[in-house]
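Going left to right, the sequence shown walks through residues 1 to 899 as our numbering numbers them.
It is worth saying that the hints were derived from the structure and are not from the lab. Each hint should be verified, as a subset may be incorrect.
Here are the simulated PhoX-like pairs of lysine-lysine, each with C-alpha atoms no more than 25 angstroms apart in a straight line [claimed, not checked]:
hint, residue 1, residue 2
1, LYS288, LYS334
2, LYS104, LYS410
3, LYS588, LYS605
4, LYS104, LYS145
5, LYS17, LYS252
6, LYS410, LYS368
7, LYS204, LYS191
8, LYS513, LYS336
9, LYS378, LYS145
10, LYS145, LYS210
11, LYS204, LYS26
12, LYS318, LYS104
13, LYS191, LYS334
14, LYS701, LYS828
15, LYS525, LYS605
16, LYS342, LYS368
17, LYS318, LYS295
18, LYS460, LYS378
19, LYS252, LYS196
20, LYS288, LYS342
21, LYS410, LYS550
22, LYS295, LYS246
23, LYS328, LYS288
24, LYS334, LYS295
25, LYS288, LYS104
Distance windows between CB atoms, simulated [stated by the list, open to error]:
hint, residue 1, residue 2, range
26, GLN75, LYS169, 37 to 45 angstroms
27, GLU519, THR131, 57 to 65 angstroms
28, GLU519, TYR273, 41 to 49 angstroms
Here a beta-carbon is modelled for each residue, glycine too, at the ideal position from N, C-alpha and C.
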Amino acid sequence: MWSQQLTLSKVDSLNEKAEQFYYYEKDSAYFYFDQVKEIAKTINSDSILIESLFNSTGVSSYHYDLSRMSANLSQLDSLISGTTILNTDNLNILLYYQGDYHLKLLEYSKSREAFEKIIQNNNALITKSETITSLASAAYSFLGKLYMIEGKYDDAKSLYRKNIRDIQKSENVDLEALTGNYNLLAEVLIKEKQYKEANTYLLKAYAYNKKEKNTNSAISNAFHIAENYGYQLQKDSALLFLNDSKKLFQNKPIFQVKYHLKKAIIHKSNWEYEIAIIEIDSAINSIKHNFEKQKNSDLEIAYNEKGLLQNLLGFHEKALINFDLALKTSLDKKDKDPNALKLFKNKATTLNLNGDNESYLKATAVVKQTTIFLNQIKPSFKNSTDKLFLIENAYPIFESGIASSQHLYKSTNNDIYIDEAFQFSENSKSVLLLEALLSSKATEFAKIPKETLSRETQLKAEITHVEKQIAVSENLEEGLEDQLFSLKQELRNLVVDIETNYPAYYNLKYNNKILTLPEVQGNLKENELFISYFYGNQKIYTIAISKNDKFFYSIRITDELEENISDLHSMLSNPKSNPDSLSKLSHKLYQKLLGPILELHLQEKIILAPDGLLNYIPFGSLVSNETEHRYLIEDRTISYVNSATLWAQLNSIEQNSANLLAFAPSFDNNVPSDGTRSQILGNLPHNRNEVQQILTSFTGKSFINDQATLQNFTATLSDYSVLHLATHAVFDDKNPEYSYLAFTPKSKSDDLLFVKDLYNLTLNASLVTLSGCESGIGELKRGEGFLSLARGFFYSGAASISSTLWKVNDNSSSELMGEFYENLANGKPKDASLREAKLSFLQKNKENGLAHPYYWSGYIIQGNTEPLITYSHWQWYVFAVISVLLIFLNRKRLVQLFK
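I would like the entire structure built from these sequences, with the hints used as guidance.
Rendered as structure tokens:
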């Protein structure tokens, strides 16, 4: 007994000595922990042996000693898996260090697997130890780190903010853990270029860590603070914090590298490029000297930064060498790193700067390689915000490819380069919307159990409900954010399970097949012209495609051009704008955007795929002949779509026989809608007439005034193939997904249909008409177009949508819609029906103020423009069959008579 107590006392003493050197001198710490390990072997104590190995592993992790860490983990794995009585705390501590180790090796999938297992273990326990609770919190933080590394910033912020809330709610606030999460959240904010907000967290963390002598954390804080000040051009403050950090880390190699990189960024931000390169070279030399046999993510950063600096100094060939070195480092990782996208972009952009055909060919090859890489990593992005961010980062790469292709086309006159440019443009467009449509198709064919799909639907609805509560709440209810986090995690896990267990679903959902230019030509009719725009940083690229021809040109983007586009939309949407000034500006933009194409192409029907600011223009209102004051719509029929691939998908939707559901809500001029918004919605005196007139052309059902509620809409919409909503649409520029359509307010029920809600609806609609204000306007996203109410209905399954680009006049809308539906009922295509309604309106009002484009040009038609399958169609079909039969029968009787 005495001997055992003496032994344990010695173990405690050795551990205490080791702790003194834990953060400062790894070899001394190892020395004392190794003595404990030998004692454990002597007395045959697995528990002491495991504890000593964990302690030693902690030291090796802190000091980045990966060989020692690997050896310890191997021994621990053998010990813990070999024990007869499983200690769950030990198992989870092992998982924690395994996750940490794989993260340091840049093996992200293995790292994620370990941390997710800890969270699963924690969730499965009813009674939880302090150790497992702490480990679960740390696991969430590491998963956030992984999300950040992979460019999934929204997911990362969600995890860190959850951790911060959990820590702040606990009885004894763990300040060290709280500070760690402040630091991690700040790292994501830096990635998003939110430098000021990042520093509010970092300065708190720095003060705490310096006070508590958490040296490594304090150094990390100081580096980030310095970098942020550098980006804000506050050089003195940046260097002050950087020099403070140097006093803390002294000669530790891992920090020396980061010190030189941060200093380089500060000098670069102050246009001191040569000095910055000297700092980068110091970082590279330090990595090669101290980490020769280890992977180091800073090496990729250093090569990339050096390449960018060399470009700024005009040394493009040297820059290319460094971008290649950075790419090699990045692509050598076991898991694909989305950060490689910026390396591909930098290489392609630099090749274009060389200005010769060989470089242009190399640039197109880089962009093709990037497209393959992008398609491989896209499925791992489950969050739509992060997907949009990914697309935003990829967009400049596609611009480089289109620019290279245009140079090659001009110098060789080989139109294969038009095909390549078109392919690059298509890859940048409608990624999210196409995925949503393909996901819906995949669900039909993959034979996924009904209960699984039902749970997915429930989760999406619950997430939308909680998000709406958070968005409209003035005083945020406690626990809502945690509830939202849990729901999103469950949905993410469910989607991963479906994609893993049902390969057919995965293959259909992530079908990356983009329509080629020859395939588009095969889908076009002789009288159709498809015009695709790509709105880049430098130029607007335009590709026009007809059945037998293709055309490629570009327009340089200038401040004047963008001001003209903005002014045109402002003047079109203002009935008091000067018609002569509007006509002059409209014709000027017509000559820029369409003139060179339409002079050569006489096709009557134009399908436009606008991009960027061009989404604000109703092209039919452009003045094609200023002398005669003739609008383009007087000569051509125009429809819109986001991309050729989306156009083909929408055209493949089977249209149902047309039966119409129409809504005309009423509003009190003095009462805000739903009681949750300050928006007071004025009455629409003509929307009832509009609906009644439409129903003279179609069979169907209408809900008017008090009956036009959201509850009635959601209960009946699946039974109808044509939906007409004559109501207010309100665009929320702060939270675009909470833009909404308003229904008749009810005191105890919701009356707003948000964009978010549309993602959870399932429609069988051949046409949706949103006869409201700005229903086609939303947040403009590169490649995706407007995140609008109209786009939300495409998510729900609509084949085509008629919407508006500004607050339309209620009276003129009623007249236009009446004629539009009358034309549809007569079997005319949707685009032709809208065009003829507009021309009729113009003809009737050519001598008065209603001829102003404000009153008629705001409506556009998107998607599948084929005629509706109307009752009158069937009438004519039956009549024709009966006529033929009668003629045939009468002919037989006549023959018999003559016989």
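Hint check results:
no.: 1; hint: LYS288 to LYS334; in the structure: holds (21 angstroms)
no.: 2; hint: LYS104 to LYS410; in the structure: violated (48 angstroms)
no.: 3; hint: LYS588 to LYS605; in the structure: holds (22 angstroms)
no.: 4; hint: LYS104 to LYS145; in the structure: holds (12 angstroms)
no.: 5; hint: LYS17 to LYS252; in the structure: holds (22 angstroms)
no.: 6; hint: LYS410 to LYS368; in the structure: holds (20 angstroms)
no.: 7; hint: LYS204 to LYS191; in the structure: holds (19 angstroms)
no.: 8; hint: LYS513 to LYS336; in the structure: holds (21 angstroms)
no.: 9; hint: LYS378 to LYS145; in the structure: holds (19 angstroms)
no.: 10; hint: LYS145 to LYS210; in the structure: holds (23 angstroms)
no.: 11; hint: LYS204 to LYS26; in the structure: violated (28 angstroms)
no.: 12; hint: LYS318 to LYS104; in the structure: violated (30 angstroms)
no.: 13; hint: LYS191 to LYS334; in the structure: holds (23 angstroms)
no.: 14; hint: LYS701 to LYS828; in the structure: holds (22 angstroms)
no.: 15; hint: LYS525 to LYS605; in the structure: holds (9 angstroms)
no.: 16; hint: LYS342 to LYS368; in the structure: holds (14 angstroms)
no.: 17; hint: LYS318 to LYS295; in the structure: holds (24 angstroms)
no.: 18; hint: LYS460 to LYS378; in the structure: holds (21 angstroms)
no.: 19; hint: LYS252 to LYS196; in the structure: violated (29 angstroms)
no.: 20; hint: LYS288 to LYS342; in the structure: holds (23 angstroms)
no.: 21; hint: LYS410 to LYS550; in the structure: holds (14 angstroms)
no.: 22; hint: LYS295 to LYS246; in the structure: holds (24 angstroms)
no.: 23; hint: LYS328 to LYS288; in the structure: holds (15 angstroms)
no.: 24; hint: LYS334 to LYS295; in the structure: holds (11 angstroms)
no.: 25; hint: LYS288 to LYS104; in the structure: holds (17 angstroms)
no.: 26; hint: GLN75 to LYS169: 37 to 45 angstroms; in the structure: holds (38 angstroms)
no.: 27; hint: GLU519 to THR131: 57 to 65 angstroms; in the structure: holds (59 angstroms)
no.: 28; hint: GLU519 to TYR273: 41 to 49 angstroms; in the structure: holds (47 angstroms)
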